[in-house]
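With the hints as constraints, model all of the structure from the sequences given.
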Amino acid sequence: MSKEGINLERKGKIAVLTIDRPQRRNAFNEHMFSSLEKATGALKNNLPRSLVITGAGDKAFSAGFDVSPDNPMVSDIAESAGKQDGAPAKRIIVHIRKAVDDLFSLPVPIIAALNGLAYGGGAELSVRCDMRVMDPDTVICFSEVRLGLMPDWGGGPALVRLVGPSKAADLILTARRIKADEALRLGLVNRVSKPGQALKEAISLAEMIAVNGPRAVGHALEVIRQSMNLPFQKALDLEAEKAVSLIVSGECIYGVAAFLEKKEPEFPDIV
357 MSKEGINLER
367 KGKIAVLTID
377 RPQRRNAFNE
387 HMFSSLEKAT
397 GALKNNLPRS
407 LVITGAGDKA
417 FSAGFDVSPD
427 NPMVSDIAES
437 AGKQDGAPAK
447 RIIVHIRKAV
457 DDLFSLPVPI
467 IAALNGLAYG
477 GGAELSVRCD
487 MRVMDPDTVI
497 CFSEVRLGLM
507 PDWGGGPALV
517 RLVGPSKAAD
527 LILTARRIKA
537 DEALRLGLVN
547 RVSKPGQALK
557 EAISLAEMIA
567 VNGPRAVGHA
577 LEVIRQSMNL
587 PFQKALDLEA
597 EKAVSLIVSG
607 ECIYGVAAFL
617 EKKEPEFPDI
627 V
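All you need for this note's numbering is the position in the sequence shown, starting with 1, plus 356.
Hints were generated in silico from the structure; no laboratory data involved.
Hints are supplied without guarantee of correctness; some may be wrong.
[What the hints assert, rightly or not] Quick list of the computed label-pair ranges, beta carbon to beta carbon:
#1 R453 / I626: 23 to 29 Å
#2 P551 / A599: 39 to 45 Å
#3 I580 / E622: 22 to 28 Å
#4 P425 / K556: 33 to 39 Å
#5 A614 / R532: 45 to 51 Å
#6 K446 / A398: 26 to 32 Å
#7 I580 / K415: 29 to 35 Å
#8 A525 / K439: 28 to 34 Å
#9 L503 / K454: 18 to 24 Å
#10 P551 / G438: 43 to 49 Å
#11 K619 / K523: 42 to 48 Å
Please read these numbers as outputs of a predicted model, since none were measured by experiment.
Positions of the beta carbon are idealized from the N, C-alpha and C atoms, including for glycine.
So, in C-alpha coordinates, the structure goes:
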(Lines of atoms letter the chains of each structure in order from A and count residues from 1; the text may use other names and numbers.)
(Lines give C-alpha, C1' and ligand atoms only; values in the text may rest on other atoms or scores of the structure.)
Protein backbone atom coordinates (compact mmCIF):
# COMPACT_ATOMS: atom_id res chain seq x y z
CA MET A 1 0.00 0.00 0.00
CA SER A 2 1.46 3.38 -1.00
CA LYS A 3 1.72 6.17 1.52
CA GLU A 4 -0.78 8.21 -0.45
CA GLY A 5 -3.59 7.31 -2.77
CA ILE A 6 -7.22 6.25 -2.70
CA ASN A 7 -8.04 3.70 -0.03
CA LEU A 8 -11.05 1.44 -0.39
CA GLU A 9 -12.63 -0.33 2.58
CA ARG A 10 -15.65 -2.60 2.70
CA LYS A 11 -18.07 -2.33 5.61
CA GLY A 12 -20.65 -5.03 5.04
CA LYS A 13 -22.74 -4.05 2.04
CA ILE A 14 -21.28 -0.56 1.75
CA ALA A 15 -17.86 0.73 0.70
CA VAL A 16 -15.88 3.71 1.97
CA LEU A 17 -13.49 5.43 -0.42
CA THR A 18 -10.94 7.62 1.35
CA ILE A 19 -8.90 10.32 -0.37
CA ASP A 20 -5.66 9.66 1.48
CA ARG A 21 -3.09 12.41 1.15
CA PRO A 22 -3.52 14.38 4.37
CA GLN A 23 -0.08 15.98 4.21
CA ARG A 24 -1.37 17.92 1.17
CA ARG A 25 -4.94 18.36 2.44
CA ASN A 26 -5.97 15.40 0.26
CA ALA A 27 -5.19 17.33 -2.92
CA PHE A 28 -4.98 15.41 -6.19
CA ASN A 29 -1.82 14.98 -8.24
CA GLU A 30 -1.29 12.64 -11.19
CA HIS A 31 -0.78 9.61 -8.93
CA MET A 32 -4.01 10.33 -7.06
CA PHE A 33 -6.08 10.38 -10.25
CA SER A 34 -4.53 7.07 -11.33
CA SER A 35 -5.27 5.64 -7.89
CA LEU A 36 -8.87 6.84 -8.20
CA GLU A 37 -9.23 5.03 -11.53
CA LYS A 38 -7.95 1.79 -9.98
CA ALA A 39 -10.35 2.11 -7.03
CA THR A 40 -13.27 2.72 -9.39
CA GLY A 41 -12.31 -0.38 -11.36
CA ALA A 42 -12.33 -2.43 -8.15
CA LEU A 43 -15.77 -1.08 -7.29
CA LYS A 44 -17.14 -1.92 -10.74
CA ASN A 45 -15.98 -5.51 -10.32
CA ASN A 46 -17.68 -5.86 -6.94
CA LEU A 47 -20.40 -3.26 -6.55
CA PRO A 48 -21.39 -2.25 -3.02
CA ARG A 49 -24.98 -1.35 -2.22
CA SER A 50 -23.87 2.24 -1.52
CA LEU A 51 -20.60 4.20 -1.44
CA VAL A 52 -19.27 6.85 0.94
CA ILE A 53 -16.44 9.20 -0.09
CA THR A 54 -14.40 11.02 2.56
CA GLY A 55 -10.96 12.49 3.22
CA ALA A 56 -8.19 11.17 5.44
CA GLY A 57 -7.65 13.00 8.71
CA ASP A 58 -9.92 15.67 10.15
CA LYS A 59 -8.73 18.77 8.29
CA ALA A 60 -9.80 18.24 4.71
CA PHE A 61 -12.20 16.34 2.50
CA SER A 62 -10.05 17.48 -0.42
CA ALA A 63 -8.32 20.69 -1.45
CA GLY A 64 -8.88 19.71 -5.09
CA PHE A 65 -6.09 19.97 -7.66
CA ASP A 66 -2.55 20.16 -6.29
CA VAL A 67 -0.99 23.23 -7.94
CA SER A 68 2.44 22.71 -6.37
CA PRO A 69 5.41 22.42 -8.81
CA ASP A 70 6.05 18.78 -7.82
CA ASN A 71 2.76 17.75 -9.47
CA PRO A 72 3.73 16.75 -13.06
CA MET A 73 0.33 17.90 -14.33
CA VAL A 74 1.17 21.51 -13.43
CA SER A 75 3.87 21.66 -16.10
CA ASP A 76 1.27 20.90 -18.79
CA ILE A 77 -0.91 23.74 -17.52
CA ALA A 78 2.11 26.07 -17.56
CA GLU A 79 2.93 24.96 -21.11
CA SER A 80 -0.60 25.69 -22.32
CA ALA A 81 -0.59 29.11 -20.67
CA GLY A 82 2.92 30.00 -21.80
CA LYS A 83 2.59 28.86 -25.41
CA GLN A 84 -1.13 29.68 -25.70
CA ASP A 85 -1.63 26.11 -26.89
CA GLY A 86 -4.70 24.28 -25.64
CA ALA A 87 -3.46 20.74 -26.31
CA PRO A 88 -1.54 20.17 -23.03
CA ALA A 89 -4.39 21.61 -20.94
CA LYS A 90 -6.91 19.48 -22.80
CA ARG A 91 -4.87 16.34 -22.00
CA ILE A 92 -5.01 17.20 -18.30
CA ILE A 93 -8.75 17.90 -18.29
CA VAL A 94 -9.51 14.73 -20.27
CA HIS A 95 -7.44 12.71 -17.75
CA ILE A 96 -9.19 14.31 -14.77
CA ARG A 97 -12.66 13.95 -16.23
CA LYS A 98 -12.15 10.31 -17.15
CA ALA A 99 -11.20 9.47 -13.57
CA VAL A 100 -14.01 11.54 -12.06
CA ASP A 101 -16.72 10.64 -14.58
CA ASP A 102 -16.00 6.92 -14.22
CA LEU A 103 -16.45 7.18 -10.46
CA PHE A 104 -19.77 8.96 -10.73
CA SER A 105 -21.07 6.59 -13.39
CA LEU A 106 -21.19 3.81 -10.78
CA PRO A 107 -24.83 2.66 -10.51
CA VAL A 108 -24.96 2.97 -6.72
CA PRO A 109 -25.80 5.90 -4.42
CA ILE A 110 -22.69 7.94 -3.64
CA ILE A 111 -22.55 9.98 -0.43
CA ALA A 112 -19.89 12.57 0.42
CA ALA A 113 -18.80 12.78 4.06
CA LEU A 114 -17.38 16.30 4.22
CA ASN A 115 -15.14 15.90 7.25
CA GLY A 116 -13.00 18.94 6.47
CA LEU A 117 -12.52 21.70 3.92
CA ALA A 118 -13.71 21.01 0.38
CA TYR A 119 -11.97 23.47 -1.94
CA GLY A 120 -11.84 23.67 -5.72
CA GLY A 121 -11.97 20.17 -7.14
CA GLY A 122 -12.89 18.88 -3.68
CA ALA A 123 -16.02 21.02 -3.76
CA GLU A 124 -16.71 19.74 -7.26
CA LEU A 125 -16.40 16.13 -6.14
CA SER A 126 -18.87 16.81 -3.35
CA VAL A 127 -21.59 18.24 -5.59
CA ARG A 128 -21.23 15.38 -8.05
CA CYS A 129 -22.19 12.96 -5.28
CA ASP A 130 -25.85 12.00 -4.89
CA MET A 131 -25.92 13.20 -1.26
CA ARG A 132 -23.70 15.11 1.14
CA VAL A 133 -23.22 15.08 4.91
CA MET A 134 -21.16 18.01 6.24
CA ASP A 135 -19.31 18.53 9.50
CA PRO A 136 -20.47 21.78 11.16
CA ASP A 137 -16.92 23.11 11.41
CA THR A 138 -15.92 22.71 7.78
CA VAL A 139 -16.35 24.90 4.70
CA ILE A 140 -16.97 24.46 0.99
CA CYS A 141 -15.33 26.82 -1.49
CA PHE A 142 -15.35 26.80 -5.29
CA SER A 143 -11.98 28.50 -5.23
CA GLU A 144 -10.80 28.06 -8.83
CA VAL A 145 -11.41 31.61 -10.09
CA ARG A 146 -9.04 32.99 -7.45
CA LEU A 147 -6.29 31.11 -9.30
CA GLY A 148 -7.45 32.32 -12.70
CA LEU A 149 -8.99 28.90 -13.33
CA MET A 150 -12.55 27.57 -13.36
CA PRO A 151 -14.35 24.34 -12.39
CA ASP A 152 -13.45 21.55 -14.80
CA TRP A 153 -14.16 18.33 -12.86
CA GLY A 154 -17.84 18.51 -13.86
CA GLY A 155 -18.68 20.56 -10.78
CA GLY A 156 -20.08 23.59 -12.60
CA PRO A 157 -22.98 21.82 -14.33
CA ALA A 158 -23.51 19.65 -11.22
CA LEU A 159 -23.79 22.74 -9.01
CA VAL A 160 -26.25 24.42 -11.41
CA ARG A 161 -28.47 21.34 -11.26
CA LEU A 162 -28.20 21.26 -7.48
CA VAL A 163 -28.89 24.90 -6.52
CA GLY A 164 -29.85 26.65 -9.78
CA PRO A 165 -27.87 28.97 -12.08
CA SER A 166 -28.12 32.15 -10.01
CA LYS A 167 -26.90 30.57 -6.79
CA ALA A 168 -24.24 28.61 -8.67
CA ALA A 169 -22.98 31.89 -10.17
CA ASP A 170 -22.81 33.39 -6.67
CA LEU A 171 -20.76 30.49 -5.31
CA ILE A 172 -18.43 29.97 -8.30
CA LEU A 173 -17.78 33.57 -9.36
CA THR A 174 -17.13 34.95 -5.87
CA ALA A 175 -15.07 31.95 -4.69
CA ARG A 176 -16.39 32.66 -1.20
CA ARG A 177 -16.34 30.22 1.68
CA ILE A 178 -19.66 28.52 2.44
CA LYS A 179 -20.14 27.40 6.02
CA ALA A 180 -22.37 24.55 7.08
CA ASP A 181 -25.47 26.56 7.99
CA GLU A 182 -25.55 28.32 4.61
CA ALA A 183 -24.72 25.11 2.75
CA LEU A 184 -27.74 23.44 4.34
CA ARG A 185 -29.98 26.43 3.62
CA LEU A 186 -28.92 26.50 -0.05
CA GLY A 187 -29.51 22.77 -0.46
CA LEU A 188 -25.79 22.32 -1.11
CA VAL A 189 -25.72 19.56 1.52
CA ASN A 190 -28.40 17.17 2.78
CA ARG A 191 -27.39 17.07 6.42
CA VAL A 192 -25.06 18.76 8.89
CA SER A 193 -23.63 16.23 11.31
CA LYS A 194 -22.64 16.60 14.92
CA PRO A 195 -19.04 17.85 15.30
CA GLY A 196 -16.57 15.27 14.02
CA GLN A 197 -19.34 12.86 13.01
CA ALA A 198 -19.73 13.47 9.25
CA LEU A 199 -18.28 10.10 8.28
CA LYS A 200 -20.25 8.22 10.93
CA GLU A 201 -23.51 9.84 9.85
CA ALA A 202 -22.77 9.30 6.15
CA ILE A 203 -22.10 5.62 6.82
CA SER A 204 -25.38 5.42 8.76
CA LEU A 205 -27.21 6.93 5.77
CA ALA A 206 -25.46 4.51 3.42
CA GLU A 207 -26.48 1.58 5.60
CA MET A 208 -30.11 2.73 5.58
CA ILE A 209 -29.98 2.58 1.79
CA ALA A 210 -28.09 -0.72 1.68
CA VAL A 211 -30.85 -2.75 3.40
CA ASN A 212 -33.29 -1.92 0.59
CA GLY A 213 -33.64 -3.80 -2.66
CA PRO A 214 -30.46 -3.13 -4.65
CA ARG A 215 -32.29 -3.31 -7.98
CA ALA A 216 -35.00 -0.98 -6.70
CA VAL A 217 -32.38 1.49 -5.46
CA GLY A 218 -30.43 1.27 -8.71
CA HIS A 219 -33.45 1.77 -10.95
CA ALA A 220 -34.78 4.67 -8.85
CA LEU A 221 -31.32 6.24 -8.76
CA GLU A 222 -31.04 6.09 -12.55
CA VAL A 223 -34.33 7.97 -12.88
CA ILE A 224 -33.23 10.55 -10.30
CA ARG A 225 -29.90 11.15 -12.05
CA GLN A 226 -31.39 11.42 -15.54
CA SER A 227 -34.53 13.41 -14.73
CA MET A 228 -32.76 16.79 -14.61
CA ASN A 229 -31.54 16.26 -18.18
CA LEU A 230 -34.86 15.12 -19.65
CA PRO A 231 -38.14 16.83 -20.53
CA PHE A 232 -40.75 16.03 -17.90
CA GLN A 233 -42.70 13.61 -20.07
CA LYS A 234 -39.51 11.77 -21.02
CA ALA A 235 -38.65 11.47 -17.34
CA LEU A 236 -42.12 10.06 -16.64
CA ASP A 237 -41.67 7.56 -19.45
CA LEU A 238 -38.27 6.52 -18.12
CA GLU A 239 -39.72 6.02 -14.64
CA ALA A 240 -42.48 3.78 -16.00
CA GLU A 241 -39.98 1.81 -18.08
CA LYS A 242 -37.68 1.26 -15.10
CA ALA A 243 -40.59 0.33 -12.83
CA VAL A 244 -41.64 -2.42 -15.26
CA SER A 245 -38.06 -3.66 -15.59
CA LEU A 246 -37.75 -3.76 -11.81
CA ILE A 247 -40.91 -5.84 -11.38
CA VAL A 248 -39.72 -8.23 -14.08
CA SER A 249 -36.46 -8.70 -12.13
CA GLY A 250 -38.48 -10.41 -9.40
CA GLU A 251 -36.90 -8.44 -6.55
CA CYS A 252 -40.32 -7.41 -5.26
CA ILE A 253 -41.10 -11.06 -4.48
CA TYR A 254 -38.61 -10.91 -1.61
CA GLY A 255 -39.84 -7.54 -0.35
CA VAL A 256 -43.57 -8.28 -0.47
CA ALA A 257 -43.15 -11.73 1.10
CA ALA A 258 -41.11 -10.29 3.97
CA PHE A 259 -43.71 -7.54 4.48
CA LEU A 260 -46.57 -10.07 4.68
CA GLU A 261 -44.58 -12.21 7.07
CA LYS A 262 -43.66 -9.13 9.15
CA LYS A 263 -39.98 -9.81 8.66
CA GLU A 264 -37.04 -7.74 7.48
CA PRO A 265 -36.42 -8.47 3.80
CA GLU A 266 -33.17 -10.04 2.64
CA PHE A 267 -32.62 -9.07 -0.96
CA PRO A 268 -30.11 -10.95 -3.13
CA ASP A 269 -27.11 -8.99 -4.38
CA ILE A 270 -26.77 -8.02 -8.01
CA VAL A 271 -24.15 -10.26 -9.61
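Quick rundown of the hints versus the structure:
A hinted range of 23 to 29 Å for the beta carbons of R453 and I626 is consistent with their spacing of about 27 Å. Separated by about 41 Å at the C-beta atoms, P551 and A599 satisfy the suggested range of 39 to 45 Å. For the pair I580 and E622, the beta carbons lie near 25 Å from each other, so the given range of 22 to 28 Å is met. Range check, P425 to K556: Cβ separation about 37 Å, and the 33 to 39 Å hint holds.
Take A614 and R532: their Cβ atoms lie about 49 Å apart, and the range 45 to 51 Å holds. For K446 paired with A398, a C-beta distance near 28 Å keeps the hint of 26 to 32 Å intact. At roughly 32 Å, the beta-carbon separation of I580 and K415 lies within the given 29 to 35 Å, and the hint holds. The supplied range of 28 to 34 Å is met by A525 and K439, whose beta-carbon atoms lie about 31 Å from each other.
Checked against the hint of 18 to 24 Å, the C-beta distance between L503 and K454 comes to roughly 22 Å, which is consistent with it. For P551 paired with G438, a C-beta distance near 45 Å keeps the hint of 43 to 49 Å intact. Taking 42 to 48 Å as the suggested C-beta distance range, the pair K619 and K523 conforms, at roughly 45 Å.
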